[in-house]
Amino acid sequence: MSENKVIEKPIIYLDHNIYSWFEKDNNFLKTSLPIFRDELQVVYSSENLKEMAQSPVRAQSYLDILSAMNAWYMEIVLDDNWRITDKARWYAGSPQNVYQEQLRNNECFNQFEQNPFLHKLLGGQEDLSFGDIFDTDKGKLLSHLENIKTDSVILNSLINDMRSCVDPLFARLKEQFKGLHSEFQPNFTATMRKQVGVSPNILNNIQGKGVINRIQEAIRPIKGMTELFDSITGGAKTDAMALVNPNNTVYQTVAALYGLLEMLGYWSDNKIKEERRFSSLRNDMLHAANAIFTKSLITKDTGLGMKAGAIYEYLGITTKVVLFSNKVPPTEK
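Per the UniProt record's numbering, the very first residue in the sequence shown carries number 1; after that it's consecutive.
Source of the hints: derived by calculation from the structure; they are not laboratory data. Remember, it's a predicted structure, so these values are computed and weren't measured experimentally. One or more of the hints may lead you astray.
What the hints assert, rightly or not - Here are the simulated distance ranges between beta carbons:
1) G197 x N26: 45 to 55 angstroms
2) Y91 x D38: 17 to 27 angstroms
3) D25 x D86: 29 to 39 angstroms
4) Q60 x P34: 14 to 24 angstroms
5) G197 x R37: 47 to 57 angstroms
6) N201 x L103: 39 to 49 angstroms
7) I7 x G316: 18 to 28 angstroms
8) I202 x E101: 38 to 48 angstroms
9) Q102 x V57: 17 to 27 angstroms
10) I7 x Q54: 21 to 31 angstroms
What the hints assert, rightly or not - In the DSS-like style, the derived pairs of lysine-lysine whose C-alpha atoms are separated by at most 27 angstroms in a straight line are:
11) K24 x K300
12) K320 x K295
13) K9 x K300
14) K300 x K50
Glycine included, each C-beta is placed from N, C-alpha and C at the ideal position.
Could you build the full structure based on these sequences and the hints that come with them?
Put into structure tokens, the structure is as follows:
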């Protein structure tokens, strides 16, 4: 796989439901393929590949579509400390090879990507408390650290240092959530929406310009809501991109705002308690973040399209959302 420094064609990012549309409708694929292949540069991410892997029977068809489009793989650049940056790399090469490599690399991380903590924040995992989740995650992390085999003295020392940090870290997390009111423990999102007092139906009717600003105005009287937004964005600024908290990248801010809009009920998934729907929501959150490096995000998912469009406008991100949906007219946001 070779890195590409320059892309001359407009870069576009497709949600999984677009690939599924292509796979099911061969005529649509044939008529639109020349445009996607010759006039645009389609890029795909690890999130696209993960969703393709969830349908093993169709995975090869999806990979063939990527190949036919001459799609390139996009990768978020990490800094020297393995932290996410606001840069991306593009790679040409066989989608089949990238897919197989990802299957090998992700096998041991799948249980962490399930993220029961985030699932509970968004309305699932009602049978577990936050403390239960932290205890389980601590056990998983310690187990993985114990299973790492290495001959490197330096690496072994680093692993031992990491083990020594695990107990205090999770003890602090449990202490921070210990004071959370008991009514929030079974279903955090449902209780939060009740406290806010603005129904999802009302939020969904907020359209056009300034969606997030108008949502903030609607919930501002509720104690803690302004601080919650400010903790993500760094507070109100006159410059759009200065809204990003200096401790977060734009990529992270997009993902965080996406999760917050979901919790508040703006074009939310009402079946998030199901593990599979939560997995899809998590992927959509990262699709919205990945697409900031492209000219357009194309999707049939109303929830993804409406949330991503609102976030991009709020942060001054130039990515356009092209939404095909039965719930709202086909539109570009």
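Verification of the hints:
1. G197 x N26: 45 to 55 angstroms: Since G197 and N26 have Cβ atoms about 49 angstroms apart, the given range 45 to 55 angstroms holds.
2. Y91 x D38: 17 to 27 angstroms: 20 angstroms, holds
3. D25 x D86: 29 to 39 angstroms: 36 angstroms, holds
4. Q60 x P34: 14 to 24 angstroms: 22 angstroms, holds
5. G197 x R37: 47 to 57 angstroms: 50 angstroms, holds
6. N201 x L103: 39 to 49 angstroms: 41 angstroms, holds
7. I7 x G316: 18 to 28 angstroms: 22 angstroms, holds
8. I202 x E101: 38 to 48 angstroms: 46 angstroms, holds
9. Q102 x V57: 17 to 27 angstroms: 18 angstroms, holds
10. I7 x Q54: 21 to 31 angstroms: 29 angstroms, holds
11. K24 x K300: 14 angstroms, holds
12. K320 x K295: Given that 27 angstroms is the threshold and the Cα spacing comes to 6 angstroms, the pair holds.
13. K9 x K300: 23 angstroms, holds
14. K300 x K50: Holds, at roughly 18 angstroms.
The structure meets every hint from the earlier list without exception.
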